[in-house]
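A.B. asks: Residue numbers (numbering that gives the first Met the number 0), protein chains in the order written: chain A, 0 to 175; chain B, 0 to 175; chain C, 0 to 175; chain D, 0 to 175; chain E, 0 to 175; chain F, 0 to 175; chain G, 0 to 175; chain H, 0 to 175.
Certain hints may be false.
[To be verified] Taking lysine-lysine pairs in the DSS-like style, the calculated list, with each CA pair at most 27 Å apart, reads:
(1) 158(G) with 161(E)
(2) 150(H) with 158(A)
(3) 165(A) with 15(H)
(4) 45(F) with 15(F)
(5) 52(D) with 165(G)
(6) 45(E) with 151(B)
(7) 15(E) with 116(B)
(8) 151(G) with 158(E)
(9) 49(F) with 151(E)
(10) 45(A) with 15(C)
(11) 45(A) with 151(C)
(12) 45(C) with 151(E)
(13) 151(E) with 15(G)
(14) 52(H) with 150(G)
(15) 151(C) with 15(C)
(16) 151(D) with 15(D)
(17) 116(F) with 49(F)
(18) 169(E) with 150(E)
(19) 49(D) with 45(H)
(20) 49(F) with 151(H)
(21) 45(H) with 161(A)
(22) 150(E) with 45(G)
(23) 150(H) with 151(G)
(24) 15(C) with 158(C)
(25) 15(G) with 52(G)
(26) 150(H) with 116(H)
(27) 158(G) with 15(D)
(28) 49(D) with 15(B)
No lab work stands behind these hints, which were simulated from the structure alone.
These are the residues of each chain, in order.
8 protein chains.
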Amino acid sequence: MPEVAIIMGSDSDMQKIAQCFEIFEEFNIPFEVVVSSAHRTPEETKAWAKTAKERGVKVIIAAAGGAAHLPGVVASYTTLPVIGVPIETALLGGLDSVLSILQMPSGIPVGTMPVGKSSGINAALFAISILALSNPALSVSLENYRSVQSKKVMARNEKLQKVGYKNYLKEFGEFK
Amino acid sequence: MPEVAIIMGSDSDMQKIAQCFEIFEEFNIPFEVVVSSAHRTPEETKAWAKTAKERGVKVIIAAAGGAAHLPGVVASYTTLPVIGVPIETALLGGLDSVLSILQMPSGIPVGTMPVGKSSGINAALFAISILALSNPALSVSLENYRSVQSKKVMARNEKLQKVGYKNYLKEFGEFK
Amino acid sequence: MPEVAIIMGSDSDMQKIAQCFEIFEEFNIPFEVVVSSAHRTPEETKAWAKTAKERGVKVIIAAAGGAAHLPGVVASYTTLPVIGVPIETALLGGLDSVLSILQMPSGIPVGTMPVGKSSGINAALFAISILALSNPALSVSLENYRSVQSKKVMARNEKLQKVGYKNYLKEFGEFK
Amino acid sequence: MPEVAIIMGSDSDMQKIAQCFEIFEEFNIPFEVVVSSAHRTPEETKAWAKTAKERGVKVIIAAAGGAAHLPGVVASYTTLPVIGVPIETALLGGLDSVLSILQMPSGIPVGTMPVGKSSGINAALFAISILALSNPALSVSLENYRSVQSKKVMARNEKLQKVGYKNYLKEFGEFK
Amino acid sequence: MPEVAIIMGSDSDMQKIAQCFEIFEEFNIPFEVVVSSAHRTPEETKAWAKTAKERGVKVIIAAAGGAAHLPGVVASYTTLPVIGVPIETALLGGLDSVLSILQMPSGIPVGTMPVGKSSGINAALFAISILALSNPALSVSLENYRSVQSKKVMARNEKLQKVGYKNYLKEFGEFK
Amino acid sequence: MPEVAIIMGSDSDMQKIAQCFEIFEEFNIPFEVVVSSAHRTPEETKAWAKTAKERGVKVIIAAAGGAAHLPGVVASYTTLPVIGVPIETALLGGLDSVLSILQMPSGIPVGTMPVGKSSGINAALFAISILALSNPALSVSLENYRSVQSKKVMARNEKLQKVGYKNYLKEFGEFK
Amino acid sequence: MPEVAIIMGSDSDMQKIAQCFEIFEEFNIPFEVVVSSAHRTPEETKAWAKTAKERGVKVIIAAAGGAAHLPGVVASYTTLPVIGVPIETALLGGLDSVLSILQMPSGIPVGTMPVGKSSGINAALFAISILALSNPALSVSLENYRSVQSKKVMARNEKLQKVGYKNYLKEFGEFK
Amino acid sequence: MPEVAIIMGSDSDMQKIAQCFEIFEEFNIPFEVVVSSAHRTPEETKAWAKTAKERGVKVIIAAAGGAAHLPGVVASYTTLPVIGVPIETALLGGLDSVLSILQMPSGIPVGTMPVGKSSGINAALFAISILALSNPALSVSLENYRSVQSKKVMARNEKLQKVGYKNYLKEFGEFK
């Protein structure tokens, strides 16, 4: 039974939030992934959103670009927390996606994630921070993830201090 | 039987497109006006959009602000032409409304109107230009409207030439 | 006799709205395509716009970029519905094109299409939604187009459910 | 014991999210409100964020404007879900606040709310949607809230249908 | 015989460039002022632009807001230098006006003035700098204007040095 | 003796306005080109601007990017007409360059050209439109240029009508 | 002998950075204030900037709006640290001022302050942080200022905790 | 003992400010470089910032992108002057980075550098202008640097005058 449900308006967005899937696998969170459009398959999107809760879903992640209505449309059919992921576009670097997701009217909230490289990862981690509220083991895993993350930054800095910035710049990339 | 249907996400938008109603009355076009939200009353909005054609509606005008999903959501449920009217907001003067309506994905078109003072009037005139395609009398009325409009500008200019810019600036407003 | 007339300010914009032509061919809509500039050939543009109605044209699509005056200039010479197509530019991703087309003053409406990939397709579909009002067969074709479009999204989702997101990501592209 | 903790960088932001408090009172959610600045009282902010979990807090709402670092700084010290509320500013209507909160780097998620009138209400409702996951009674209350909200929109529409748009416009405001 | 011709799309823009008229009067430059719209009176605008040269006009100033096509449309009908004046709007403070005037395509130049308080004055002074090329007396007047302008700034500074910033702030405005 | 003087803040901008030179050669206008920075060589820039008039210069073209102060700084030292050319940048596609040149304060006008492909050509043509005021032969050449330009667009359209859009798209580019 | 020199392009900007003066008085830093324009009094501005060092000035604060060249122009004539203060405008809330000051080319740095309420205060405090590097007593004063500032925030929070948010909202303002 | 300390939120930003290091080496300024994140290693960042003064650091340079909190967070823990360096992003070309660094609240100043090519160089030169206040030899070096920089521009111009713009364009690049 999926705890998180991920919906995309177009399969062309899938690669852009693929890191999201990796995070959920790393944390052993069961999740479902569907392609369904707010505009091209509105009935299917509605049915999916309305039944999410009974499928066991606790958090929904909805990704879309341009006039990105999907997160808001999904939120209009469920009271589950909906996380919106704006996909980059050519117009203003994706400001259209951001504003279409962010500026929801009173009463139907959507929690918006950044546009760009950190979109998928942060959507997953935000969902996990919600799930962890009622799952102490997951909460520990999340703390550990944060700790490992900190240590990676520190390790990079240690290496930088050891080899100096000139050598670091030459080898640049291996720590990525 | 209404030929045009006007939908607003919130009654607070009604005054902003009130000139729209006046135009339809001037042209004797029967129209309906409803308040229904893409997010707060999605079922009602969907039902309304799906039945518009059978109510005799030929053109839909949908006005919304912020994450302005209403025009796109309505368009997803009908093949009637949908005209989107972005309502001004405090963020960037309404660029959020504009982009949420304008940047529709392939397959579900919305014809977007300007944000600002000309929104309501132009939405009505655009709808009338569509209706006039199969209504020769309406087409003549529209040509006349344009002609009157031109003459008003010309009359203002004639007055300006007659009284000079100094006097015109003093009396400014009476031609409005 | 063309039912739709497409005008571009520059032949360099032609490839960007080429999908527009394909849609009209798919729907068997006769159309004309011209290159004529609002600024470089204003007399020709004017003559073309003024005679569109008598050539049998019902809907005009005008595409331009930058200080994109073409749709507005055409609209000033005809009461036919004018659909504006903003072409992408380097400045803000085409916001100059969008605003030059969108922000028309009271009295001369232009229905603006998105800037980007969906521009051409949506301009064609919007024109067809207008033509379909007085053409029941076309209305049926448009409903079918929508239905096929929905089924394509559903088919992608079915495939995704069958093969899983990992395999789907690997094969990515074949459904495009 | 507070379930939600609300932090503001400045007491001048309090009135702007005051509706947030009303929602929590309406839903009987215990909450705390503090003023603490990411920049002027960084130690206090840090201590507050690090101890939120042990105070029983489940969700944090952080409001700030301009270079709005508070939500991100709080998120860097806790794994609880952090909801960011951008406060309007004079620059681009608050786009500085939005981007400073939204564009968080990989690993430290913040769920961003709209800038403008719906900020406070939606932050509260989003927090409640999270709390409701482990509180069935709250979940029912939230469904009811949505239902009442829908009915208010429908009641406005019914009134509009009954009195007509002209009378509605005259009385405008009473339904607000 | 007017040396400068000023055209506005709407008489509502007249007050915004009124300082322009004062400058021309101060410099004794004969000028004409007309209201004519690119969109509402395109034929009149065209006729006016095409005959400007034979009326003795040397420089044209065209002011418009929103989808501000007037300067470009005028420029398409004349080879006289055209100065574009963007009028402030509610959208992005007038960025729509700026971009509609500024981003002209190759071949039809328009020299764009600032949006805001200095619009009218600078349009007039720019026109005068052009006229002064073949009018030595005017060139001297322009140099004098600049010199007086410098002295005003210097006088303000002298006063500031004399009375100190505290007193200056109190009396603030009298030098304006 | 140069009639036009072109100044660039950096030689890296030269290629971006190279078409400007071609236009002046085509019209046989003597011109000078210098590299001098508003910030890195302020004394040289000042000396150059102050002596432009005595070198016979009638119009100045100043190109710069980013905090593009060069046109304004040059204009502060001369009463000759100054044409500002904003160079594209990575930030917002060059909006920084545009605003730094455009938004000059009252008293020191700069006529701003578009940012992008038409920058150099239009700067040259605008300068020529100024020079043509006192040079009837040049005025004729400019009219001819416009006429040739119109004919090129018409020729493209004729070809398009002859070969059809499909073949035109295939051969696309040869008319460029 | 002034340690800090403040220059404004227009006396209309003085009130907007008046808090700057108060800070310097509070810290007993001698300062000079002048009005001199980059464009209207370029010679005076240049002379002032070139002699600042010999007048004992260590840090320069330059405030300007629109095409805000003053900070950059001053920086081109001195190697003293120059702090740029963007003044709010109607266009995009002052983004023109920000970008004109911020986007300086390589070699001539300007340290830019925020646009808005904190402009003047932060310019002063940034200057003081520079002066404090060679003035231990000033460094202590600056630490104290920070400490007082922190305590003010804490006092507001204490009051909030004591009276509760409802009473605090009623009395709102007295702590300002 | 380092006089300047450079901190980056991510080692992926290092290459973008590498020219910064070269400038400090050219001027023989001892400096330290660390990677530490405002969000991923907040404790380390805080400890580093709080101890900077006792390590002998006089000026801090902090580079970050997106929701670029690092400069502000560092500034909240020290009274040393903090120079913020916005790193380019895909959203609006880095306007998110700019605004997150620039728009600091009253009391905690950050001097912001340009986004783009001149970021690193100008950050270093601005730091040196501060250090030079108490280091006469450094002040001379900085004057020399400026002088060499001016001469490079002049040399390019001399070459341009000698070879002409056509040859210069051909060889373009060798002076870079």
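A.B. asks: Taking only the CA atoms, is the gap from residue 15(C) to residue 158(C) under or equal to 27 Å?
C.D. replies: Given that 27 Å is the threshold and the Cα spacing comes to 31 Å, the pair is violated.
A.B. asks: Do the alpha carbons of residue 45(C) and residue 151(E) lie within 27 Å of each other, as the hint requires?
C.D. replies: Since the Cα atoms of residue 45(C) and residue 151(E) sit roughly 50 Å apart, the hinted pair is violated (cutoff 27 Å).
A.B. asks: Just to be careful, I want the Cα atoms of residue 45(A) and residue 151(C) compared with a cutoff of 27 Å; is the pair within it?
C.D. replies: holds (17 Å)
A.B. asks: Given the hint that residue 169(E) pairs with residue 150(E), does the C-alpha gap stay at or below 27 Å?
C.D. replies: holds (22 Å)
A.B. asks: With a cut-off of 27 Å on the C-alpha distance, tell me whether residue 49(D) and residue 15(B) pass.
C.D. replies: Not OK: residue 49(D) and residue 15(B) at ~47 Å, beyond 27 Å, violated.
A.B. asks: With the threshold set at 27 Å, check whether the alpha-carbon distance from residue 151(C) to residue 15(C) stays at or below it.
C.D. replies: Holds, at roughly 24 Å.
A.B. asks: Mind checking the alpha carbons of residue 15(E) and residue 116(B) for me, to see if they're no more than 27 Å apart?
C.D. replies: Given pair residue 15(E), residue 116(B) holds - Cα atoms ~18 Å apart, limit 27 Å.
A.B. asks: Please verify whether residue 52(D) and residue 165(G) have alpha carbons no more than 27 Å apart.
C.D. replies: With Cα atoms ~25 Å apart, residue 52(D) and residue 165(G) stay inside 27 Å; holds.
A.B. asks: Keeping to a limit of 27 Å between CA atoms, is the pair of residue 49(F) and residue 151(E) held or broken?
C.D. replies: holds (21 Å)
A.B. asks: Holds or violated: residue 45(F) with residue 15(F), Cα cutoff 27 Å?
C.D. replies: Satisfied, since the Cα-Cα distance of roughly 24 Å is no more than 27 Å.
A.B. asks: Between residue 151(D) and residue 15(D), does the CA-CA distance stay at or below 27 Å?
C.D. replies: Cα-Cα ~24 Å, so holds.
A.B. asks: Does residue 150(G) sit within 27 Å of residue 52(H), going by the straight-line distance between their CA atoms?
C.D. replies: The hint holds at about 23 Å.
Of the hints listed earlier, those the structure fails to meet are numbers 1, 2, 8, 10, 12, 17, 23, 24 and 28, in rising order.
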